[in-house]
Amino acid sequence: MKKAINHRIMRSNNKRQILEFIRKNGPSTKRGIAQKLGISITTVATFINELLNEDRITAFGNAASSGGRKSELYRLNPDSLYVIGVDLQVDRIIMLLINLQGEVLGVEEEKFNRSDEWEIASLLRQTITKICDSNKIPLAKISGIGIGVPGIVNHQTGIIEFAPNLGWKNVDLPMILPVDLPVIVENEAKAAAVGEATFGSAQGYANVIYVSLGLGIGTGLILNNNLFYGHNFLAGEFGHMAIVPNGLPCRCGKKGCWEVYASNNAALKLYQDYSGIELSSYDELLKALFKEDPIAIKVFAEIVNYLGLGIANLINGLNPEMIVIGGKITEADSLIHYQLLKVIKEKCFEYSYRGVSLQFSGLRNRATALGVGSLMIDSLLYN
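Residues 787 to 1169 (the working numbering) are what the sequence shown spells out, left to right.
In short, the hints are calculated from the structure, not lab data. Please note: incorrect hints may appear among the correct ones.
Pairs of lysine-lysine, DSS-like flavour, derived with a Cα cap of 25 Å [said to hold, decoys possible]:
(1) K1084 x K1073
(2) K1073 x K1131
(3) K856 x K810
(4) K1084 x K1128
(5) K955 x K1041
(6) K1073 x K1055
(7) K955 x K922
(8) K897 x K1055
(9) K955 x K916
(10) K897 x K1128
(11) K1128 x K1114
(12) K897 x K856
(13) K1114 x K1131
(14) K1055 x K1077
(15) K1133 x K1040
(16) K1077 x K1040
(17) K1128 x K1073
(18) K1055 x K1040
(19) K1055 x K1041
(20) K897 x K916
(21) K1128 x K1077
(22) K1077 x K1131
(23) K922 x K856
(24) K1084 x K1041
(25) K897 x K1041
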């Protein structure tokens, strides 16, 4: 029995490697794949035939040859699989239609002001229909849906155990979503980390921390090329890392949490404390910063100081190659990048800081939807 299991795992890994090679490298020959992956050409030929039969790849002419028989090229068939990736935020849905190549074919954004799970499920269904219709892709061709949410997700069951900003506890969104399709649910920061590692600035890096700044702070960890979940799927809850002993109270019931000092909500509260003016949104605060409002400048100086302190702790503890920052704050990249690097360098252990790259997300508000879409594709292809 053990031999049979090991053989099946090896077989699955070989097929996955071949498909991934073609996805990443474009048109390839059997011999080229065999040489690069260290797999026999007979094995490659077997899986190429399987992938052709599954319509995952297509023959694509012949490679250039200096003499002798020309080798046939094979390329991905991007239209053999479509998925939908969703970033479910506290006030809106950002939905992407994605093909097997990871190309975004369509985008829909829908705002909402009520967060009842049944109403959200209905809105998701309506938006799925809308994105399919507007891109002339029948719903029957959609293979699966991935949803990123701002909360604690049980990775094994897909149940959203706690999403405080949505007011949800123990919500089984896949069960109540009115579609007959595979659905996976993932924490938004974890999904965004995958998005950055697959499509963004973290491609090619094995150890990455994604820091998501919103109403709170979430992080996604890619360690040794794998999304890290921890003992009970809570790895990455660094927003509740204490950085000020006996500091300001947090919604979690503790005091001094990182998100109380460095999140978007923290910035808005600071602005109100300093000016007596309650801004309606974080966008307003960014506009004030761009207009060189002295109070906004003071607020961001303080926010960046605490943000840098928290990131320095992550670097000291986890020794990543790259930190990627996501959220609305990315719009202020040019104004705060230097100061943030300065704070991180001052607070970091010298040896831990060496070689660490700091990036603001280039994927912006698509990182989560792209990441959870990528997880859905992997689940369909390899699980």
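**Prompt:** Would the pair K897 and K856 pass a check requiring their Cα atoms to be no farther apart than 25 Å?
**Reply:** violated, 54 Å
**Message:** Check whether the Cα positions of K1114 and K1131 lie no farther apart than 25 Å.
**Reply:** Between K1114 and K1131 the Cα gap is close to 23 Å, so the pair holds against 25 Å.
**Asked** Given the hint that K955 pairs with K916, does the C-alpha gap stay at or below 25 Å?
**Response** violated, 28 Å
**Asked** When you check the alpha-carbon spacing of K897 and K1041, does it fall within 25 Å?
**Response** violated, 32 Å
**Request:** Take a quick look at whether K1128 and K1073 sit within 25 Å of each other, Cα to Cα.
**Result:** Holds, because 24 Å separates the two Cα atoms, which is no more than 25 Å.
**Request:** Please work out if K1055 and K1040 have their alpha carbons no farther apart than 25 Å.
**Result:** Holds, because 18 Å separates the two Cα atoms, which is no more than 25 Å.
**Request:** Take the C-alpha atoms of K897 and K1055, compute the straight-line distance between them, and say whether it is at most 25 Å.
**Result:** Holds, at roughly 24 Å.
**Request:** Measure nothing beyond the straight line between the CA atoms of K897 and K916; if it is 25 Å or shorter, mark the hint as holding.
**Result:** holds, 14 Å
**Prompt:** Quick one, are K1055 and K1077 close enough, alpha carbons at most 25 Å?
**Reply:** Holds, at roughly 19 Å.
**Request:** For the pair we were handed, K1128 and K1077, check the Cα-Cα distance against 25 Å.
**Result:** holds, 23 Å
**Prompt:** When you check the alpha-carbon spacing of K1077 and K1131, does it fall within 25 Å?
**Reply:** The hint is violated at about 28 Å.
**Prompt:** Holds or violated: are the alpha carbons of K1055 and K1041 at most 25 Å from each other?
**Reply:** Holds: K1055 and K1041 sit about 16 Å apart, inside 25 Å.
Consistency note: the structure conflicts with the earlier hints numbered 2, 7, 9, 10, 12, 16, 22, 23 and 25.
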